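Visitor: Sequence lines, in order, name chains A and B. According to full-length UniProt numbering, the first sequence is numbered sequentially starting from 1. According to full-length UniProt numbering, the second sequence is numbered sequentially starting from 1.
Chain A residues, not near chain B, derived (Cβ > 10 Å throughout):
hint: 1; residue: S18
hint: 2; residue: G80
hint: 3; residue: H120
hint: 4; residue: D200
hint: 5; residue: E309
hint: 6; residue: H465
Derived DSS-like pairs (lysine-lysine); straight-line CA-CA distance at most 30 Å:
hint: 7; chain 1: B; residue 1: K192; chain 2: A; residue 2: K286
hint: 8; chain 1: B; residue 1: K192; chain 2: A; residue 2: K375
hint: 9; chain 1: A; residue 1: K122; chain 2: A; residue 2: K72
hint: 10; chain 1: B; residue 1: K175; chain 2: B; residue 2: K27
hint: 11; chain 1: A; residue 1: K375; chain 2: B; residue 2: K175
hint: 12; chain 1: A; residue 1: K394; chain 2: A; residue 2: K375
hint: 13; chain 1: A; residue 1: K122; chain 2: A; residue 2: K70
hint: 14; chain 1: B; residue 1: K175; chain 2: A; residue 2: K286
Simulated from the structure, these hints should not be mistaken for laboratory data. Here the structure is a predicted model, which means the values were calculated and not measured. No residue lacks a Cβ here, since even glycine has one placed at the ideal position from N, Cα and C.
In case you want the letters, here they are:
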Amino acid sequence: MSTTERNPVLAVRGLEVSFGPAPAVRGVDFSIAPGEILALVGESGSGKSVTARAVLGLLPATAAVRGSAKLKDRELVGAGEEELREVRGRGIAMVFQEPATALNPVHTIGWQLSAVLRAHRKATRAEARAEAVRLLELVGLPAASVVKYPHQLSGGQKQRVVIALALANEPSLIIADEPTTALDVTVQAEILALLRDLRDRLGTAILLITHNMGVVADLADRVAVMRRGELVEQAEVGDLFARPSHTYTRELLAAVPRLGHRDPASYSAESTTDALRLAEIVVRFKDFTAVDHVGLRIGHGEVLGLVGESGSGKSTIGRVAAGLLRPASGTVSVFGGDPVAARRDLGFVFQDAGGSLNPRMTVADCVGEPLRVHKVARGEEYRRRVAELLDAVKLPASYARRRPRELSGGQRQRVGIARALALGPRLVIADEPTSALDVSVQAAVLDLVTGLQRDLGFACLFISHDLAVVDSVAHRVVVLWQGKVVEEGAHHEVLRAPREEYTRRLVSSVPDLDRAFARV
Amino acid sequence: MTAVLEDPVEPVEVAVPARPRVFARGKGLIGLVLVGVVVLAGLVGPLLVPWDPYAQLPDANLLGPSGAHLLGTDDLNRDVLARLLAGIRVDLLISFTAVPVGALIGCAVGALATVNNVLDVAVQRLFDVLLAFPQLILAIGLAAVIGPGTSSVMVVVVFIEIPVFGRLLRAAVLKVREAQYVTAAEVVGARKAHVLRTHVLPNSLEPVLVQLALSMSVAVFIEGAMSVLGIGVSPPEPSLGAVLKTALGYLDLNPLFAAGPLVVTAVLVLGFQLIAQAANAARGA
Numbered sequence: 001m002s003t004t005e006r007n008p009v010l011a012v013r014g015l016e017v018s019f020g021p022a023p024a025v026r027g028v029d030f031s032i033a034p035g036e037i038l039a040l041v042g043e044s045g046s047g048k049s050v051t052a053r054a055v056l057g058l059l060p061a062t063a064a065v066r067g068s069a070k071l072k073d074r075e076l077v078g079a080g081e082e083e084l085r086e087v088r089g090r091g092i093a094m095v096f097q098e099p100a101t102a103l104n105p106v107h108t109i110g111w112q113l114s115a116v117l118r119a120h121r122k123a124t125r126a127e128a129r130a131e132a133v134r135l136l137e138l139v140g141l142p143a144a145s146v147v148k149y150p151h152q153l154s155g156g157q158k159q160r161v162v163i164a165l166a167l168a169n170e171p172s173l174i175i176a177d178e179p180t181t182a183l184d185v186t187v188q189a190e191i192l193a194l195l196r197d198l199r200d201r202l203g204t205a206i207l208l209i210t211h212n213m214g215v216v217a218d219l220a221d222r223v224a225v226m227r228r229g230e231l232v233e234q235a236e237v238g239d240l241f242a243r244p245s246h247t248y249t250r251e252l253l254a255a256v257p258r259l260g261h262r263d264p265a266s267y268s269a270e271s272t273t274d275a276l277r278l279a280e281i282v283v284r285f286k287d288f289t290a291v292d293h294v295g296l297r298i299g300h301g302e303v304l305g306l307v308g309e310s311g312s313g314k315s316t317i318g319r320v321a322a323g324l325l326r327p328a329s330g331t332v333s334v335f336g337g338d339p340v341a342a343r344r345d346l347g348f349v350f351q352d353a354g355g356s357l358n359p360r361m362t363v364a365d366c367v368g369e370p371l372r373v374h375k376v377a378r379g380e381e382y383r384r385r386v387a388e389l390l391d392a393v394k395l396p397a398s399y400a401r402r403r404p405r406e407l408s409g410g411q412r413q414r415v416g417i418a419r420a421l422a423l424g425p426r427l428v429i430a431d432e433p434t435s436a437l438d439v440s441v442q443a444a445v446l447d448l449v450t451g452l453q454r455d456l457g458f459a460c461l462f463i464s465h466d467l468a469v470v471d472s473v474a475h476r477v478v479v480l481w482q483g484k485v486v487e488e489g490a491h492h493e494v495l496r497a498p499r500e501e502y503t504r505r506l507v508s509s510v511p512d513l514d515r516a517f518a519r520v
Numbered sequence: 001m002t003a004v005l006e007d008p009v010e011p012v013e014v015a016v017p018a019r020p021r022v023f024a025r026g027k028g029l030i031g032l033v034l035v036g037v038v039v040l041a042g043l044v045g046p047l048l049v050p051w052d053p054y055a056q057l058p059d060a061n062l063l064g065p066s067g068a069h070l071l072g073t074d075d076l077n078r079d080v081l082a083r084l085l086a087g088i089r090v091d092l093l094i095s096f097t098a099v100p101v102g103a104l105i106g107c108a109v110g111a112l113a114t115v116n117n118v119l120d121v122a123v124q125r126l127f128d129v130l131l132a133f134p135q136l137i138l139a140i141g142l143a144a145v146i147g148p149g150t151s152s153v154m155v156v157v158v159f160i161e162i163p164v165f166g167r168l169l170r171a172a173v174l175k176v177r178e179a180q181y182v183t184a185a186e187v188v189g190a191r192k193a194h195v196l197r198t199h200v201l202p203n204s205l206e207p208v209l210v211q212l213a214l215s216m217s218v219a220v221f222i223e224g225a226m227s228v229l230g231i232g233v234s235p236p237e238p239s240l241g242a243v244l245k246t247a248l249g250y251l252d253l254n255p256l257f258a259a260g261p262l263v264v265t266a267v268l269v270l271g272f273q274l275i276a277q278a279a280n281a282a283r284g285a
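The following block holds chain A by itself, in its conformation from the complex (with noise of 0.2 Å):
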């Protein structure tokens, strides 16, 4: 697909959007071609859902977009209200990042459909009814699936629903805001072919709004990279992958953690002790069994990733490592003890750093609890050690007397690392500890947590749904499906070469940046 200029979908001419005097979007200038899909990437606070809610007009009132965005020959900036809701919908679709949320909870998925139908034509009930059916089997749901609410459906088939509804009256453009990133790589496999072949078959453009280069490369035709409110690049999608003009993107791009690129880093046990056992371990929650029967080991000094999607269970494992809850059967043991008495030697870092950080309490505070509660410094000791901490995560000395919301999220889980590591535990659980983190800062606290363990030399648990952050960190990797372990071994072994059939389509569901640049 090429750059046509002839016949824009969406032409958007020095857009800017500012909030007070805070300019969020500084001039942006791109333009989408009928059947083309533009992806607009960028990191958190980089303008680029600003910008698509501006096309939209669904900014609120404190907003003042200027500029130009014209779908065919309509100027949405500025239009009213009236005009807009004409557009919406029909002239332009919208897909957001959270399908639960989209939906109506108390609607079945066929009212709905049939609502935004009726919105926008005159049909009958039987008449959008059987629109909607075709719709749904349009996004591969079975008719069936109309009578349903939406909490009896899965996520990835929710979100098929969501984009059923965006289709629904013809739009020549959708626009979707992160579809895949609160869904599990394997649904956002399916949900990535769905968008390619719809795209396809009906000719519609996307403009899609995400931070993930993974998907960039598995669905975009062109790219453009913003950052600060500014299109910093834009370029054919091989192009961009294989030649980065920017240096932002250079380093955007090579801050992306890509399977199979790491050396195959192998892990010789020294002692005969184990700093985590876990043996035939079954959790249950009421009727669900979320974990059945998983046992696995971690020895001394080793990084043992523990994959798998949502509901997996690889949560609650993490959970029964940090004593913090009871298994049903099965033995823990860490240190060859209890793990509630050995709490000293055991550091947990969450995934949500912010939430994990008393907001009241200021970093220091935070970061020399642990000291605090097993009273092993005070007074100048005290200080000291909380000083060392904050150097040793990176983080500058007079970030201690901050409060957590006074720092950005890498900043933290850099708090949240510290605070793990203050009583020089032998033993590390961190629970998806770079996922709430754009990809740069992602890097950053990889290379610390990589860092700190090769210096530290402490065990860790190290909890990822991302194959590819596993495979940077980990010794070894342990797949978990359903609440069952299928397969262990050597990271480059199961990460690369997987024997098991679930763990084969775990692999290849990952988005992949090689394969952008075989594309070229």
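With chain A fixed as given, assemble chain B onto it according to the hints.
Guide: Coordinates of chain B only, in the frame set by chain A:
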């Protein structure tokens, strides 16, 4: 993993002022001024008025407002303004002692109840019973047992506030207890008391502070209502409600008799309510 492109000083994505300082402006300021004026009147007023609130003045029965008696005199020949200003002291005394006492007991009970499930259910049902009574019915019932008087108004206010604060703190504690920083403290090995003291309580107290201001206004209202019903502050002691009760009997002679206590009550209640609203806005609720 070699790429390190995080700037040495990473941008803070959320520009945060230390705390939205909306409290001291607008509503909060007006509320503080209104309450402040009444408090000042109660503290300084009695020193400026030449009349004694209990003294019965000769030839001054039910006089209308005049230069000598700004709000007139009542049926027992006492200066209404002097009684009103002295009455403010009684009301403030009730508000500023009974409400905090009720809040303290309520919070303690509410927080303790969260520790044990059985205790929690028992306490909740007890609160249900207390809350099921309309405030004035509860007041009449209690006054019937312990008799009228300033102290019985205080007891009533304490009893009314205990379940209010108990419920509020319990709900806040249950919410905060699920926060991840509480789990983070548990995984470090912190004891229950440490978690409660450093994490749970400090993060649960904001709604309590808002409720304090709100309850102050309720206390003023309760005192007024009880005194007008004759079960509150007992004669000859002055209070906003007591002055109002006297005035209500002679409204046909001069409606202005009631103006003083009504205005003061309204200003006080409005002031407390505004403070509560502003405090609530300042905590981002």
